[in-house]
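Visitor: Chain residues, written in single-letter form:
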Amino acid sequence: MRLWRAAVGIGGVAVVVYAVLPADAVTLRNVWYVAVEVAAIAAILTGVRRYRPELSRGWLLIAAGFSVFLVGDALWTIYEIEGRDPFPSPADAFYLAGYPLLAAGLVVAIARRAQQGRDRRALIDAALVTVTVALVSWVYIIQPALGDDDLSAFETVVTIAYPIGDLLLLAVAGRFVMGTRWNVPSLRLLVAGLALMLGGDLAYSLDLLGRFASNLQVADTLLMGSVVLIGLAGLHPSLTELTTMTRPERPADTVVRVALLVGLALVPPALLLVDSLSDEPLHIPATFAAMVIVIALVVTRLTQMTSAARRSADREAALSRYAAALLRSRGRDELLAVAERAATELARGAEAHVVNRDAGPPWSAFAAPVEVRGEVVAELDADREAAASRSVRDSLRTVAAQLSLALEREELLMAERETAKSLGAQNERLLELDRMKDQFVSSVSHELRTPLTSMVGYLEIILDGEAGQLNAEQIHFLEIVNRNCLRLVRLIEDILFVSRLDAGRFSLERRPVDLGRLAAEAVQSAGPAAQARRIELQLTVDDGLRPLDADATRLTQMLDNLISNAIKFTPEDGTVSVRLSHNDGSERLQVADTGVGIPEDELGRLFDRFFRASTSSSAQGTGLGLPIVKAIVEAHGGAIAVESRLGAGTTFTVDLPLEQGAQAKEGAGDGARIRA
Amino acid sequence: MTEHGSVREQPVVLAADDDEDILELVAFRLERSGYTVVCARDGEQALALARAERPDVAVLDVMMPKLDGFELTRRLRAEEATREMPIILLTARAQDADLEQGFAAGADDYIRKPFSPQELRTRVQAMLGRR
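Protein chains in written order, with our numbering: chain W, 1 to 676; chain V, 1 to 131.
Think of the hints as simulated: they come from the structure by calculation, not from any bench. There may be inaccurate statements among the hints.
[Claimed, not checked] Going by beta-carbon spacing under 7 Å, a handful of chain W positions derived as facing chain V: (1) VAL444; (2) HIS446; (3) LEU452; (4) GLY457; (5) ILE462; (6) LEU463; (7) ARG511.
[Unchecked claim] Partial pick of chain W residues on the chain V-facing surface, computed with a CB cut under 10 Å: (8) MET455; (9) GLU460; (10) ASP464; (11) LEU486; (12) PHE611.
Note that the structure is predicted; figures quoted are calculated from it, not measured. From the three backbone atoms N, C-alpha and C, an ideal C-beta is built for every residue, glycine too.
One chain only, chain W, in its complex shape (with noise of 0.2 Å):
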């Protein structure tokens, strides 16, 4: 890079000194020009070598043409040290030789860019301008040669042949900056250069023929400027991209693309204009066929466009109508040919076929990878032919990236239901297993109880005597057996009722049931058990208490359970009293005793099952009583509540909401409502 930027600066200076020398200092002049020619065939050839392009083919011919004009100038400087102007000279034929050489050098540059498809826009855009340009040649510079009688015949030819050299460097050069991008240095430099070029070559012309009252040295001076850019791009580093095989990069239509186009349209009525004004003779058969290929170029290209347009419209058309197709299919069978029959329709009817990726090769360069989770797993693949157009392989790509998340999506979906059906198979199991469970709960209470009837019956007869008399101290033995066959009965009955509280077959048979009643019953079958210790049992029922729906068998099994444990934790002489109160829309049952209390951080684990309060070792029970009190009351849509001191006794407050009935058809969100 430090020698490309030292011969910038050096071809700078040498554009500078040529344009300020003394237009008489002819030698000096021309000796400086060949000079400054020289090093640019040598810039060329040192970057050649040391960048060394692919097709060194390409540069070496455009250092031929400058070696070929190098030639002709230095013939040209001999005459004009001789001080003679002939015309024409052996250095016009080595000038004209120029042309095809530089021409060539681009046609192989072009050829090496090209080879991945032909570009048919940057073709006609390059004949338009050539055209244009020709048509402007014709009138301007060729038709005043041709009618020029001072002009010998040779002579005539020899000024004809620069501007067809021109246009034939033109036409080619067009080519080569339409159909490329302009992000090579190299490429810039390049077409900067022969755009300096042609504008000489035209100052020249008109000079020629006497039309641009220009002094030569601004001609000489573009041609100089045009040497270096070319030298310079002939050094730079990024000489090789130029001629290196490269994925073509089509620029889309820009606005600019189609200004242009327009702009070279309206050139051959421009020229017509312009002359009727100037009085000058009309050029009307060259301009009417150069507007006529205009024409016909013009509408080529629009038709282009809108054709591009339209298939690019079908191509989405049909893409998204195959997305669709893909979201509908299910299973990868499917997908496949659902997703070959989309590439066939895009890739124009050349046969595309879904390759597995362990079928083994071949697969062509241009397959498109479907991929699942990552991996490729197969290859969309079209015939080779089909496969080497680009919008083949970009809808094989689309189809490809469609077929890899219809795949995906399709595997997610056959994992949910592996998924959903393996849960439905393990909740069939647990449900099964809970059955066996309660199965298990409900024959070992059967075969238990089996047992217990024979020794609570045995213990009966016994006691009331019928097998013959027993001393007091054998009854009250017998007594201690019988209470705690009684007591294994009431667990058995316990633990199969939280039995099924758990398997959630626990319902209840709501009828109207007066709560009065039921608890006057309670107390009443009560009554022995608290006589025994002698512990006053007292009943308290307000007036207007109003019949509750609600299962009468749960109701007494909550009041037994209140009212047994009550008498259990009172000490003898001591009072258990049960009362029935109104109490906002509910009815309020509330049993009191004056026992050993619960201490206060036991309270919030009283419901829990198997809990035994510190206090209540003297008692005996099963841990069960008030887990299922609780659950027969909030069945009911109640709550229970528990306040203790110790040493003074425990109150337990049960509410029971008085329209159980409408709060359970009308849901939780009723609630409210009802409480109030």
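Since the structure of chain W is already known, use the hints to place chain V on it.
Guide: Relative to the frame of chain W, chain V by itself:
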């Protein structure tokens, strides 16, 4: 054994249970209370005895081999001779659904195990008095 149609001195009770101890308990209690008790150890035997003895009341266990108490009740209700015979079911299965099934089969009363022998006697008396 008493002749069919003759006036029996004591009411006859058919007791059926596969548990020998319970069967003896039922028989003891009821015999002490002045009934004649015929005992069966399974459902089929109970059916045969019911046909042969025409008992005045039957106390049947639900869970019995060969023929369970529900099915036995249905058969007894289906036969002319035993259609009106009061039936009390004894069961250790304490669920409400069982209770309903018993009444649906045609039982008149239902006693849960474990039961008080006194209570059994009271119920049997009630059945006989009702007739």
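Visitor: The structure should be examined with respect to each hint, and the outcome stated for every one.
Guide: Hint check:
1. Checking VAL444 of chain W against chain V by beta carbon gives a least distance of about 11 Å; that is not within 7 Å, so the hint is violated.
2. With a least beta-carbon distance of about 5 Å to chain V, the hint placing HIS446 of chain W at the interface is held under the 7 Å criterion.
3. The beta carbon of LEU452 of chain W is positioned within 7 Å of a beta carbon in chain V (closest approach about 5 Å), and the interface hint is therefore held.
4. Against a cut-off of 7 Å between C-beta atoms, the interface hint on GLY457 of chain W holds, since the closest Cβ of chain V lies about 4 Å away.
5. Restraint check, ILE462 of chain W versus chain V: the minimum CB separation of about 11 Å is more than 7 Å; hint violated.
6. Against a cut-off of 7 Å between C-beta atoms, the interface hint on LEU463 of chain W is violated, since the closest Cβ of chain V lies about 11 Å away.
7. Interface restraint check for ARG511 of chain W: the shortest CB-CB distance to chain V comes to about 13 Å, outside 7 Å, so the restraint is violated.
8. At a threshold of 10 Å, the smallest CB-CB gap from MET455 of chain W to chain V is about 8 Å, leaving the interface hint in force.
9. The interface hint given for GLU460 of chain W holds, since its Cβ lies 5 Å from the closest Cβ of chain V, which is under the 10 Å cut-off.
10. The interface hint given for ASP464 of chain W is met, as the beta carbon of that residue sits about 7 Å from the closest beta carbon of chain V, less than 10 Å.
11. Hint status for LEU486 of chain W relative to chain V: holds, with the closest Cβ pair at about 8 Å, below 10 Å.
12. Taken as an interface hint, PHE611 of chain W does not check out: its beta carbon lies about 25 Å from the nearest beta carbon of chain V, beyond 10 Å.
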